[in-house]
Amino acid sequence: MSLTTAHAEPSIAGVGDYIELMKPRVMSLVVFTALVGLLVAPGHLHPVIAFVALLCIAVGAGAAGALNMWYDADIDCRMTRTAARPIPAGRIAPGEALAFGLTLAAFSVVILGLLVNVVAAALLATTIAFYVLVYTMWLKRRTPQNIVIGGAAGALPPMIGWAATTGGLSLEPVLLFLIIFFWTPPHFWALSLYRTDDYARAGVPMLSVVAGPAETKLQILVYALILAPLGVLPWVLGYTGLIYGAVAVTAGAALLVLALRVRAERHGFAASKQLFAFSILYLFLMFAALLVDHMYPALFGHLAA
Amino acid sequence: MTMSGLMNEDPDRGVRLTEQQARARRARSVAIAVALGVLVILFYIVTLVKGPAVLVRPL
Numbered sequence: 001m002s003l004t005t006a007h008a009e010p011s012i013a014g015v016g017d018y019i020e021l022m023k024p025r026v027m028s029l030v031v032f033t034a035l036v037g038l039l040v041a042p043g044h045l046h047p048v049i050a051f052v053a054l055l056c057i058a059v060g061a062g063a064a065g066a067l068n069m070w071y072d073a074d075i076d077c078r079m080t081r082t083a084a085r086p087i088p089a090g091r092i093a094p095g096e097a098l099a100f101g102l103t104l105a106a107f108s109v110v111i112l113g114l115l116v117n118v119v120a121a122a123l124l125a126t127t128i129a130f131y132v133l134v135y136t137m138w139l140k141r142r143t144p145q146n147i148v149i150g151g152a153a154g155a156l157p158p159m160i161g162w163a164a165t166t167g168g169l170s171l172e173p174v175l176l177f178l179i180i181f182f183w184t185p186p187h188f189w190a191l192s193l194y195r196t197d198d199y200a201r202a203g204v205p206m207l208s209v210v211a212g213p214a215e216t217k218l219q220i221l222v223y224a225l226i227l228a229p230l231g232v233l234p235w236v237l238g239y240t241g242l243i244y245g246a247v248a249v250t251a252g253a254a255l256l257v258l259a260l261r262v263r264a265e266r267h268g269f270a271a272s273k274q275l276f277a278f279s280i281l282y283l284f285l286m287f288a289a290l291l292v293d294h295m296y297p298a299l300f301g302h303l304a305a
Numbered sequence: 306m307t308m309s310g311l312m313n314e315d316p317d318r319g320v321r322l323t324e325q326q327a328r329a330r331r332a333r334s335v336a337i338a339v340a341l342g343v344l345v346i347l348f349y350i351v352t353l354v355k356g357p358a359v360l361v362r363p364l
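Heads up: the sequence lines are chains U and D, in that order. Using this note's numbering, read the first sequence as starting at 1 and increasing by one per residue. Using this note's numbering, read the second sequence as starting at 306 and increasing by one per residue.
One or more of the hints may lead you astray.
Partial pick of chain D residues on the chain U-facing surface, computed with a CB cut under 8 Å [said to hold, decoys possible]:
#1 A329
#2 A332
#3 R333
#4 S334
#5 L341
#6 V354
Residues of chain D clear of chain U, computed beta-carbon distances all greater than 12 Å [what the hints assert, rightly or not]:
#7 R318
#8 A336
#9 G342
Some chain D residues near chain U, calculated using beta-carbon distances under 7 Å [said to hold, decoys possible]:
#10 L322
#11 Q326
#12 I350
#13 T352
Just so you know, the hints here were simulated from the structure itself, not pulled from any lab data. Glycine included, C-beta positions come from ideal geometry on N, C-alpha and C.
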């Protein structure tokens with residue numbers, strides 16, 4: 001398909017194509033981590049305002065996804081994993097995706113600022129700008145540290161949620177930020193191990209392309225060794241209860257075991273695929289445990305009384 | 306060109322949408338209308354929830 005001639009024909013893009021442009025799967029994880037940040041923060045936020053905050057965060061994440069797809073359309077069409085996306089597949093013209101992304105970004109930030117608070121809006125604007133300008137446009141095609149530094153964008157949503165409730169920040173949301181930040185490299189590098197050819201064809205210098213699988217596996221293990229104890233830290237520091245502590249210890253140990261298996265794997269990618277799948281579950285479990293731990297006294301306190 | 310000139314123009318000229326293109330455009334138009342409607346309702350509800358505080362915006 002030719003990206004430059006996509007404007008010649010009137011658009012056949014349906015609503016589903018625009019939803020796909022917003023990367024709904026990434027968006028769901030963003031919304032979930034933001035929801036947890038919003039709920040575990042001290043203070044009270046009216047449910048309607050909380051809904052508005054989450055909606056704005058979701059739309060802001062979608063805007064970042066659309067702008068990413070706009071900029072990356074030329075390499076997306078060279079990768080099997082991304083070739084069917086709306087722009088490389090010719091269903092949405094690049095200009096339409098750019099306008100869509102910019103409009104959503106502006107609306108989400110302004111509405112979050114007007115209806116919730118300015119700190120949360122500033123953090124959302126930072127997240128979108130970091131993902132699009134720093135990760136997508138600057139780092140992604142230049143350095144194997146792309147997803148390490150760019151991971152900061154994906155780590156910000158719990159801080160936005162926290163700021164939506166409190167109007168400020170403290171050490172606890174920074175810990176949540178760090179957990180996602182150090183989770184990102186093992187997650188994406190596990191994927192890149194069995195997608196190395198795809199990334200190489202597109203000219204994206206992922207660690208597995210530039211440094212090879214052995215170095216990538218070592219780096220995965222190093223980050224897992226940082227992440228596992230970091231995940232337990234909120235419990236050690238007394239911010240959470242035993243439920244979170246037990247989940248963090250168990251899930252962290254499982255992550256380490258899988259990272260060791262990836263390191264030991266000589267043939268095939270079974271362990272890498274397992275680690276990639278488990279890393280998603282790991283993040284979900286950690287934040288779900290945080291939420292349950294926080295809500296437990298309110299939900300089940302009367303049973304203990 | 307005058308308005309009457311435009312109206313008398315050959316209807317076959319210009320961009321003619323296929324059925325698929327027309328259907329897609331209609332779906333997009335409906336989605337935009339729904340999004341705008343939701344936005345209006347959202348602002349209305351938030352105004353009710355916040356009351357006079359909706360005008361308070363300390364920076």
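Taking the hints in turn, this is what the structure says about them:
no., hint, in the structure
1, A329, "holds (5 Å)"
2, A332, "holds (5 Å)"
3, R333, "holds (7 Å)"
4, S334, "violated (10 Å)"
5, L341, "violated (11 Å)"
6, V354, "holds (5 Å)"
7, R318, "holds (15 Å)"
8, A336, "violated (5 Å)"
9, G342, "holds (14 Å)"
10, L322, "holds (6 Å)"
11, Q326, "holds (5 Å)"
12, I350, "holds (6 Å)"
13, T352, "violated (9 Å)"
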